[in-house]
Amino acid sequence: MEDSFLFQAIIYLAAAIICVPIAKKLGMGSVLGYLLAGIIIGPYVLEFIGEEGEDIMHFAEFGVVMMLFLIGLELEPAKLWQMRAMITRIGLSQVLLTTVAFFGIMVGFGFSWQVSLAVSMSLSLSSTAIVLQSLKEKNQLDSAAGKNSFAVLLMQDIAVIPMLAIIPLLVVAGEALSSDHHGSPVEQFAGWIQTLFVIGAVGLVVLLGRYAFVPILRIIARTRLRELFVASALLIVVGIAFLMELVGLSPALGTFLAGVVLANSEFKHELESDLDPFKGLLLGLFFIAVGASINFGLIGENAGLIISITLGILLIKTLILIGIGKYARLSLDQNLIFSIDLSQVGEFSFVTYSFASQLQILDKPTTEMLMAITAISMTVTPLLILLNEKLILPRVGTLEKEEKEADTVEEKHSVIIVGFSHFGSTIGRFLRANGVKATILDNDSDRVDLLRKMGFKVYYGDATRADLLEAAGAHDAKILISAIDSPETNYLLVEMVKKHFPNLEMMIRAKNRVDAFELMEMDVPNIYREHLDTSIRLGKEVLTKLGFRSHTVHRLGQSFLKYDESALSELVKVKHDQKEYISAVRRQIEMQEALLSSELHRKFTLNDHAWDSEVMKGK
Amino acid sequence: MKKVLILLAHPKYEHSVVTQTLVNAVSNLENVEIRDLYELYPDFNIDVQTEQETLIMADIIIWQHPVYWYSAPPLLKQWIDLVLEFGWAYGPGGVFLKGKYILNAVSSGGAKDAYSKEGKHGFTIKEFFLPFYQTAKLCNMTYLPPFQVNGTHKIINEELKSVGETYRRLLIFLRDSTSISEEIISMDSLNQLSI
Numbered sequence: 001m002e003d004s005f006l007f008q009a010i011i012y013l014a015a016a017i018i019c020v021p022i023a024k025k026l027g028m029g030s031v032l033g034y035l036l037a038g039i040i041i042g043p044y045v046l047e048f049i050g051e052e053g054e055d056i057m058h059f060a061e062f063g064v065v066m067m068l069f070l071i072g073l074e075l076e077p078a079k080l081w082q083m084r085a086m087i088t089r090i091g092l093s094q095v096l097l098t099t100v101a102f103f104g105i106m107v108g109f110g111f112s113w114q115v116s117l118a119v120s121m122s123l124s125l126s127s128t129a130i131v132l133q134s135l136k137e138k139n140q141l142d143s144a145a146g147k148n149s150f151a152v153l154l155m156q157d158i159a160v161i162p163m164l165a166i167i168p169l170l171v172v173a174g175e176a177l178s179s180d181h182h183g184s185p186v187e188q189f190a191g192w193i194q195t196l197f198v199i200g201a202v203g204l205v206v207l208l209g210r211y212a213f214v215p216i217l218r219i220i221a222r223t224r225l226r227e228l229f230v231a232s233a234l235l236i237v238v239g240i241a242f243l244m245e246l247v248g249l250s251p252a253l254g255t256f257l258a259g260v261v262l263a264n265s266e267f268k269h270e271l272e273s274d275l276d277p278f279k280g281l282l283l284g285l286f287f288i289a290v291g292a293s294i295n296f297g298l299i300g301e302n303a304g305l306i307i308s309i310t311l312g313i314l315l316i317k318t319l320i321l322i323g324i325g326k327y328a329r330l331s332l333d334q335n336l337i338f339s340i341d342l343s344q345v346g347e348f349s350f351v352t353y354s355f356a357s358q359l360q361i362l363d364k365p366t367t368e369m370l371m372a373i374t375a376i377s378m379t380v381t382p383l384l385i386l387l388n389e390k391l392i393l394p395r396v397g398t399l400e401k402e403e404k405e406a407d408t409v410e411e412k413h414s415v416i417i418v419g420f421s422h423f424g425s426t427i428g429r430f431l432r433a434n435g436v437k438a439t440i441l442d443n444d445s446d447r448v449d450l451l452r453k454m455g456f457k458v459y460y461g462d463a464t465r466a467d468l469l470e471a472a473g474a475h476d477a478k479i480l481i482s483a484i485d486s487p488e489t490n491y492l493l494v495e496m497v498k499k500h501f502p503n504l505e506m507m508i509r510a511k512n513r514v515d516a517f518e519l520m521e522m523d524v525p526n527i528y529r530e531h532l533d534t535s536i537r538l539g540k541e542v543l544t545k546l547g548f549r550s551h552t553v554h555r556l557g558q559s560f561l562k563y564d565e566s567a568l569s570e571l572v573k574v575k576h577d578q579k580e581y582i583s584a585v586r587r588q589i590e591m592q593e594a595l596l597s598s599e600l601h602r603k604f605t606l607n608d609h610a611w612d613s614e615v616m617k618g619k
Numbered sequence: 001m002k003k004v005l006i007l008l009a010h011p012k013y014e015h016s017v018v019t020q021t022l023v024n025a026v027s028n029l030e031n032v033e034i035r036d037l038y039e040l041y042p043d044f045n046i047d048v049q050t051e052q053e054t055l056i057m058a059d060i061i062i063w064q065h066p067v068y069w070y071s072a073p074p075l076l077k078q079w080i081d082l083v084l085e086f087g088w089a090y091g092p093g094g095v096f097l098k099g100k101y102i103l104n105a106v107s108s109g110g111a112k113d114a115y116s117k118e119g120k121h122g123f124t125i126k127e128f129f130l131p132f133y134q135t136a137k138l139c140n141m142t143y144l145p146p147f148q149v150n151g152t153h154k155i156i157n158e159e160l161k162s163v164g165e166t167y168r169r170l171l172i173f174l175r176d177s178t179s180i181s182e183e184i185i186s187m188d189s190l191n192q193l194s195i
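Chains as they are written, first to last, in full-length UniProt numbering: chain A, 1 to 619; chain B, 1 to 195.
Simulated from the structure, these hints should not be mistaken for laboratory data. Watch out, some of these pointers could steer you wrong.
[As the list claims (entries may be wrong)] Computed spacing ranges between beta-carbons, pair by pair:
#, chain 1, residue 1, chain 2, residue 2, range
1, B, I180, A, K499, 16 to 26 Å
2, B, S177, A, T426, 23 to 33 Å
3, A, S535, B, T50, 24 to 34 Å
4, A, K499, B, D36, 47 to 57 Å
5, A, V436, B, W69, 52 to 62 Å
[To be verified] Looking from chain B toward chain A, a few residues come up when the C-beta cut is under 10 Å (computed):
#, residue
6, D43
7, V48
8, E51
9, D81
10, F128
11, P131
[Claimed, not checked] Below are the DSS-like pairs computed for lysine-lysine, each with C-alpha atoms no more than 25 Å apart in a straight line:
#, chain 1, residue 1, chain 2, residue 2
12, B, K3, B, K154
13, A, K617, A, K138
14, A, K617, B, K77
15, B, K112, B, K2
16, A, K511, A, K498
17, B, K12, A, K437
18, A, K390, A, K364
19, A, K562, B, K137
20, B, K137, B, K161
21, B, K137, A, K617
22, A, K25, A, K498
23, A, K617, B, K98
24, A, K25, A, K136
For each residue, glycine too, the CB sits at the ideal point set by N, CA and C.
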């Protein structure tokens with residue numbers, strides 16, 4: 001019975017559903033939850049899954065591939081180009097320095113240089129899956145640490161290509177070539193032909209992305225069959241991954257490239273929303289598989305050795321990263337986040353180990369041990385991140401709250417501003433210019449330091465934490481302004497404030513109409529769409545430039561603003577007819593449609609009789 | 001009991017002790033509604049429909065404002081321009097204000113004597129307010145003489161208190177009286193009324 005597919009599926013899903021919410025509740029992040037789920041159902045605890053864990057891991061690695069495709073979609077080519085210096089400087093120095101360090105150490109311990117090189121290259125990689133997932137969950141992708149981490153991870157993905165090319169050479173240099181290795185089919189060709197294949201494949205991906213995918217997707221979209229669109233999205237990702245494996249490139253890198261190429265297409269959001277659930281599930285499965293594949297038998301036998309090697313690796317990687325972070329001028333906080341996040345060995349290392357072991361560069365016990373070390377390092381990363389966040393960061397660098405002299409009385413401000421980037425800072429400056437002081441919460445340590453120097457009262461950290469808001473005086477404050485960029489964080493914040501501080505009046509920034517819609521459904525009365533006033537202001541100036549009189553335009557703008565707000569609240573009322581899930585994009589389009597068609601029937605200018613003598617003349 | 005609607009227009013209400021005193025004196029009266037126009041329409045974007053709906057319900061309408069350049073603050077003029085629409089307040093079909101009473105309740109910095117033939121300004125407040133009078137007439141309303149608080153630059157506490165009290169009594173009188181005599185209508189100001 002245990003072999004049946006359905007039973008297996010039940011085990012995986014149930015483990016995830018039980019462990020992940022618990023882990024999240026404990027503040028550990030979903031990655032650790034999945035890993036723990038894997039350990040629990042794995043061969044050493046509940047024994048639900050055995051050796052097949054590794055097969056599942058290979059399958060689930062596809063989640064990483066999808067994640068990079070989605071990341072690529074978010075990253076327009078121009079943005080990537082802007083990051084080029086960071087990717088080469090920060091990323092390359094991490095890969096090279098770490099490889100050199102481990103190579104030196106291993107040669108020092110008496111390993112052959114071939115083994116040392118293969119292993120040290122693998123150890124220099126970090127886990128894209130874990131790091132990006134946790135950065136995203138904590139909204140740190142846009143911080144200095146997040147950007148640098150991303151650059152390093154991207155460079156590592158690129159570096160996998162030469163690594164996979166070098167490893168076979170080690171065999172030639174060392175022992176005889178093993179006859180039955182299962183590398184990629186192109187490996188039978190000479191090196192320069194392989195290179196041609198690689199260049200050809202990359203070129204093909206770019207060309208397809210530019211000229212083939214979009215027209216095909218357009219045709220598919222016209223069929224109005226949602227599942228067909230999902231299927232094509234999957235086909236694109238799977239196809240590219242396959243092509244990349246064929247020429248011996250990292251599939252993740254290939255799909256990332258395809259994502260970047262498609263980032264400017266009109267299907268960007270549709271692709272994102274279609275693939276996101278697959279990515280999430282597969283990544284979850286991948287982490288479960290990592291958890292399940294930890295060989296506790298082996299670890300039990302060599303506990304001391306394995307644990308000390310793992311700690312040593314984590315320590316060395318962290319130290320090198322701290323050095324690089326210093327060079328990149330990261331502040332202490334950001335540097336700690338950056339270096340601890342990236343300190344583990346990554347999932348691509350599983351690939352390089354098995355590749356090297358197929359080529360008989362690594363023997364079986366070494367490979368198993370390395371796999372165990374890698375899995376442990378990945379498992380402890382979320383814990384380390386948690387420790388860093390809870391124990392180290394609150395003590396060094398930017399503190400959650402400013403330390404006061406013992407005798408200063410804690411001021412109580414009646415306004416709290418959450419988020420102090422361009423949106424929040426304008427609000428804060430306006431209030432301050434009029435003598436209203438506000439308490440500020442922000443999760444960017446660099447900005448917090450700056451603001452404190454400027455004499456603002458600033459708390460550092462995640463505003464969705466009730467205790468931090470409490471410390472910022474949420475109980476005595478009257479108004480909480482959320483100027484946060486991410487709608488998801490806003491929703492969390494709204495829920496939390498409703499639960500813990502019901503008397504606090506919330507004024508929430510909304511990204512767009514869809515976001516405002518969600519907030520209205522959560523019964524938030526004060527919603528401010530960030531672009532609304534500005535777009536109308538621009539539109540008014542267009543009318544003025546076209547020869548309308550300013551005062552008329554001013555009044556037209558006022559009535560349009562009023563109309564737009566009331567139209568949205570009307571739309572919210574009718575929405576309950578649709579019970580099914582509709583994607584945010586669909587919703588946006590439907591709203592646009594409703595608004596545009598009602599505006600056609602409504603003649604704004606004719607409604608305005610003010611100072612109009614035409615009617616009187618007619619009588 | 002009649003319904004009284006006060007249309008308050010003061011651009012800096014928070015600084016006007018006199019206006020605040022007057023408002024506080026009448027704010028808890030039954031059947032008296034105060035619409036603070038500068039608070040409702042800081043952008044001068046008057047909601048004509050809502051204003052007309054409130055007007056229909058009222059029997060006695062009071063334009064309460066300070067005297068600026070022998071007239072009212074601009075928002076009140078804007079209100080008159082926009083709300084008293086042709087075909088609604090006057091002209092063919094403009095019957096909705098018919099039979100209502102309307103007056104100005106004003107505060108002026110200058111003393112009472114200054115608003116007289118011999119005084120600095122040469123005319124009485126009532127004379128200056130001829131446009132309001134004719135506006136009311138065109139809308140088929142009865143224009144009552146203004147209620148005035150003069151010399152607000154030099155007013156002292158006791159006076160303030162009694163002024164508030166007079167205003168309150170006036171409103172109760174207007175609200176509860178069944179008809180208003182010609183004698184009252186022809187007064188120079190409602191302050192002459194002994195109530």
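Legend entry - Hint check against the structure, violated hint numbers in rising order: 1, 2, 4, 5, 8, 10, 11, 12, 13, 15, 18, 19 and 20
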